[in-house]
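Novice: The chain contents come next:
Protein chains: 2
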Amino acid sequence: MKKSLILFALFTTLGLQAISAQEAKWIFYPGEFEIWAAKKISQQRTERNQPHPTMWRLDAPFGQIGFRKQMSLAKPEQASIWVDGRYTIETSITGHLFDFDPLNFTLPAGEYEFVVLVENFNGLPSILFKSESYVSDETWFTDSHSRDYIQASSAHFTDPAFPPSTYALETEAIQCTVLESSPTHMLVDFGKNTFGFPILHGAKGDGKIMVYYGESKEEALAEKLAETWDVVTIDRAKAENDTLDTKAFRYIQIVKDPSVTVEGISALYEYLPVEYRGSFTSSDELINRIYDVSMYTFHLTARECHLDGIKRDRWPWSGDALQSYLMNFYTFFDEDVNKRTLWGLRGHEPFKTHINFILDYSFYWIIGVYYHYIYTADAEFVKRIYPRMVGTMDFCIGRLNENGMVQGKSGDWVFVDWAPISKDGELSFQQLLLIQSLKTMKECADIVGDKATSDKMQQLYDEKFAQFDDAFWSDKFNAFIHTRVNGEPTDEITRYTNMFAILFDAVSDQRKQIIKESVILNNDILPITTPYMKFYELAALCEIGEHAQVLSFVKDYWGDMLNLGATTFWETFDPTESGEKHYEMYGRPFGKSLCHAWGANPVYLFGRYFMGVYPTAPGYKEYTIAPALGGLKWMKGSVPTPQGDIKVEMTQKKITVTTVGTGGTLKFKSKNTPKTNLGTIVKGDDNEYTLKLDRAGATYEVTYK
Amino acid sequence: MKKSLILFALFTTLGLQAISAQEAKWIFYPGEFEIWAAKKISQQRTERNQPHPTMWRLDAPFGQIGFRKQMSLAKPEQASIWVDGRYTIETSITGHLFDFDPLNFTLPAGEYEFVVLVENFNGLPSILFKSESYVSDETWFTDSHSRDYIQASSAHFTDPAFPPSTYALETEAIQCTVLESSPTHMLVDFGKNTFGFPILHGAKGDGKIMVYYGESKEEALAEKLAETWDVVTIDRAKAENDTLDTKAFRYIQIVKDPSVTVEGISALYEYLPVEYRGSFTSSDELINRIYDVSMYTFHLTARECHLDGIKRDRWPWSGDALQSYLMNFYTFFDEDVNKRTLWGLRGHEPFKTHINFILDYSFYWIIGVYYHYIYTADAEFVKRIYPRMVGTMDFCIGRLNENGMVQGKSGDWVFVDWAPISKDGELSFQQLLLIQSLKTMKECADIVGDKATSDKMQQLYDEKFAQFDDAFWSDKFNAFIHTRVNGEPTDEITRYTNMFAILFDAVSDQRKQIIKESVILNNDILPITTPYMKFYELAALCEIGEHAQVLSFVKDYWGDMLNLGATTFWETFDPTESGEKHYEMYGRPFGKSLCHAWGANPVYLFGRYFMGVYPTAPGYKEYTIAPALGGLKWMKGSVPTPQGDIKVEMTQKKITVTTVGTGGTLKFKSKNTPKTNLGTIVKGDDNEYTLKLDRAGATYEVTYK
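These protein sequences, in sequence, are chains P and A.
Position 251, counted from 1, in the first sequence is what our numbering calls 585; the numbers after and before it change by one each time, with no gaps.
Position 318, counted from 1, in the second sequence is what our numbering calls 652; the numbers after and before it change by one each time, with no gaps.
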């Protein structure tokens, strides 16, 4: 469902197709559509009928944008323009255009710059232009009225009636079951946790309807203790439907004045239109259900941007989002939602505080840009957002302490994890994030051809890496220590730095094995309890071959949520709790989000670490498939890439993969000598084998043991 | 006329007076009300029915503001809050407030920070708060969600029903005379050039009404060649009034379809409510008329901000505004319009281009802050805007060329004046503006107690001044040369640098006399033809005692405009032109603004240089009165100050002044020994005398010859 467009006067597109054969696109200043979308969704949080603005700065798109195109016409020609905002048009030949028909005006002959200055402080300045010789596209230049001329961007908007600011997700009517009903109250169940516009049907009379939302039945029944509720005031004799603002809910309870009647409740499910390109099924039915519910959970949180949760906070958070970017690449491969999130989190200059105020989150943001690139090969995106990466890194470097180390300053939230860990002094974890960010900056500088920054980043990386290793690696503990206070290392060992060192490939294979024994598999080290950091711990366990342990944990942890009736996965879960205690968080009885992006972790785990598919060159030009059953009898599924879906099927005897492109490599272990229908298997150390998958779209079958 | 407030739900203020004895004020982030007002007025320019956005970046107020107050209550108390925007309230004791009545909610007992987060991207985030112990005022802290905690500002808004974003100028109904009328056309005359909301009375039928505005009759009759016009579409059987958007006009012509009827035309004159505190009358009736028309001209352009002209551009321009700040101090002494203009011109960080894109205009802006301070002694304003001054100066210094001199870079408009002068290389004029700006920065750094910057600015000033004098003073020409290209001085001499050196007191008295002869009174030097630079030239002539020449010029130049029927003074005037040629500018037949702020120059000249009143310490704590008749038989008038109006009356025999405060000094010349009723006259060089005016509110009478 697209919203109808009120902004624009009536017009006809008759004859326009005849004018131009090229496709005209709505164009805007790079990143601004994304910032617009991020702002829109970030403004929708309410708590108990009270708006909840973000605590950090949320940027509106620039209110004024210039659009410029160098034109050269041998003779005058007719043109049409659609503009989202107030505007004026100027050419060096005609001066400002006045008294013209935007749908049919004359471009003069000659060489000149065609300029449109657009003002729209409440929406998104954008234009669509068509003439015989020219259409609006990325060759046009744009500026934010600050002498910053850069090439325009577009985003799939080509219909004159629908400029980018009309962008909205899709909707679909959904129904519910009435569980309870009385003259003043009604409780309904939509069957599973969902998100959308609640609709009160046929309301009439004179009075109030209280609408209470619940991700659990208990929450909807808790009335004003529910996290979200609305008050609808009715004053009319004729029955009408009321469509309310989007909420997250499975249950809705209404409590109304007797003077009001309501015929029923339904909703418009609102969702990002995506294809479920990633898939995974296996011999384990519980795992399959976990995968499916994870997919649905992730779909609910992937919207205009990646949200943390659909009930609360309904905001993009850079740390949460990093996991969503990755999950996205194993499910929908929807590049746009990642880009909207990355642009939105960063916003405009000046960059005055860490993203979401959290020190770690600025680093995750930088790293996220490169993750996006390695999966998509979208160098154009990197090129566009690169100046803001430089600004972000400049800010981070400008705040290093007197030892040249990352340390929280006034106003910085040093997060790491919700856990009883030290936040004082120089945390090894933050240094590691800096190092990884410097590596990312170097990679991105190379992509955009910024040699000076690339060299500087490489030099800083070398320097900071040596400093990190020197300051934090402990031969005594065989691990990276957690923190250094006043220049003195402490005895605290935590999992964070050690597991990220494995994930970032920042240590030798030999040291990975040492860390595995001394930290990862060491039960004396403070366990990780948040799904947020579990994401990385489970990944690290897979990196060191502990798939069986991961599988067992997934079945217990996610399986227990399913046993409790979960239809989406939660923000946190403590199996030792019971009853309504499960819904409590932040000191509020229903504070916990029951549909949280990081709860969907399994969609990443099974694609990345069980089917074992990941790019080793940008956009899967080269990639690895290293499947591992981890105790499953068989598994089967697909992983999306820019060139199509990679298919993987594995039993205890046979591996079948269907390729995309010619750059794949299959890696597997076998106790006997494996055989293949295509290509040549090469033996490595131990029982390790590799098979180059150098035929595009081919199906390789390998028998092994 | 205040606009009614739709933003807010109905509420009652009953009992509120009882709650609090202190006055609660609407508070906002410093500078944001001013930026809001500047944005509002800057968005109103249209040209021939087409919007005309500014070319430079126009900032909207920050969309999210936090308001914070440390509270300490022995027992709970009731509070009320009004908020312009969506918001949430939080205290460390209660967490977020939910389900509360904003007009009567409970503050808990204890010590805590009371926090209101407000979001309003389309208006101006602001709050009004009242409880028994606390009211919203400048002691509250505010932040733009960027960890930038600073004290809040207010601006005379205390009524819950009228937050700052309801601010509007006053209006008054005005009538016109019908000059021509036919079934399809009507031409009316408002008697003088004016500004406001045109009203079409009793329009009905089905069709179009073209509304053409003219500052001259010729313009209104030129229809679509007029600078401004509207199209009103009518489709109704019942006669109604249509109030159109504000325009500048003396004449309005409507041309309508025969199917439409219009009963008549009137308008709502829109104006800044001010008191005409400055006054000047003299023995010369022409001068008196020039003064009065100047006053009216200036009043029309002094609005939400100081505009250049009311028809075109309807924008604040930093160079034009500098003259308006000064004119304001000799007329209305309305400090707020200056502040709105200064904040609005500067806007937010990042400061990426010169103000109005013009190199000179960033310097004028810095200088303007100090001009405002010296007349008002408003140290609070300087303190608030000082960080943006530092940012502006940093930007300017960061763009000095390899010789450490100001030189236009790509994207900079090097303006100086509309005149056939060189803009290449290092202009002495720009160096002088830099020097004066450095001096201003030092003064302002001292006001806010920023010792480091003060020292740095003093050092830079000394360095740049020496460099300027060395590079541009020519003993050969007895003048500052105009420019240096590739390090080589040219032979070009212009008036600009030389007259500004006098005005800025940047040269010795001896050198002033040299410049007077070699440049100011030298007809071989390119004459100044724009009223913009005439402002400074006439001032410089007065500085060197050439009042008679100034008076004669004023009578010719402004008198000739009056002879042509001017009811407001023009953007430019060339007495050699005739007829409609006078209205032409920028290649458009009615492009010239006939009501332009700098045309009101005489209101400054007569106050500052004929009555001779000016502050020598901030806010007229000390001041000089140095009256000069310049050939007039007598003159009489008043000059506003923060402590009341200084009155000056002078005949060829007697000077009478009424003081404010105790810091005045009267300076005058006399051929005989003057006498006074109060105090002691002290003789100086030549025929110069001074009299300390050390009695407040006293009238001093001096007889002299």
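Everything labelled a hint here was simulated from the structure, so no lab data went into it.
Model, not experiment: these values are computed from the prediction.
Just so you know, not all the hints are guaranteed correct.
For identical chains, the list gives no copy identity; a pair is met inside one copy or between any two copies.
Straight-line distance between alpha carbons at most 30 Å, and here's what the computed DSSO-like set of lysine-lysine pairs gives [as the list claims (entries may be wrong)]:
#1 Lys542 / Lys558
#2 Lys757 / Lys374
#3 Lys955 / Lys374
#4 Lys743 / Lys572
#5 Lys785 / Lys686
#6 Lys743 / Lys403
#7 Lys1039 / Lys970
#8 Lys717 / Lys810
#9 Lys558 / Lys403
#10 Lys374 / Lys686
#11 Lys1017 / Lys717
#12 Lys1039 / Lys967
#13 Lys790 / Lys686
Novice: Indicate, hint by hint, whether the structure satisfies it.
Specialist: Structure-based check of each hint:
Taking CA atoms no more than 30 Å apart as the test, Lys542 paired with Lys558 passes inside one copy only; the shortest distance there is 15 Å, against 55 Å between copies. For the identical chains of this complex, Lys757 and Lys374 are neighbours neither inside a copy (34 Å) nor across copies (47 Å), given an alpha-carbon limit of 30 Å. Proximity of Lys955 to Lys374 under the C-alpha cut-off of 30 Å is found in neither arrangement, the shortest distances being 35 Å within a copy and 52 Å between copies. Proximity of Lys743 to Lys572 under the C-alpha cut-off of 30 Å is found in neither arrangement, the shortest distances being 60 Å within a copy and 67 Å between copies.
Proximity of Lys785 to Lys686 under the C-alpha cut-off of 30 Å is found in both arrangements, the shortest distances being 26 Å within a copy and 25 Å between copies. When the C-alpha separation of Lys743 and Lys403 is checked against a cutoff of 30 Å, the pair qualifies only between copies, where the shortest distance is 23 Å, while the shortest distance within a copy is 46 Å. Taking the closest pair of Cα atoms, Lys1039 and Lys970 come within 30 Å of each other only inside a single copy of the chain (17 Å); across copies the shortest separation is 111 Å, beyond that limit. For a Cα distance limit of 30 Å, the shortest separation of Lys717 from Lys810 qualifies neither inside one copy, at 45 Å, nor across copies, at 56 Å.
Taking the closest pair of Cα atoms, Lys558 and Lys403 come within 30 Å of each other only across two copies (28 Å); inside a single copy the shortest separation is 56 Å, beyond that limit. In this assembly of identical chains, the alpha carbons of Lys374 and Lys686 lie at most 30 Å apart whether taken from the same copy (22 Å) or from different copies (27 Å). For the identical chains of this complex, Lys1017 and Lys717 are neighbours neither inside a copy (41 Å) nor across copies (74 Å), given an alpha-carbon limit of 30 Å. Taking the shortest Cα distances, Lys1039 and Lys967 sit within 30 Å of each other inside one copy (13 Å), while across copies they are farther apart (117 Å).
With identical chains, the CA atoms of Lys790 and Lys686 are at most 30 Å apart both within one copy (23 Å) and between copies (25 Å).
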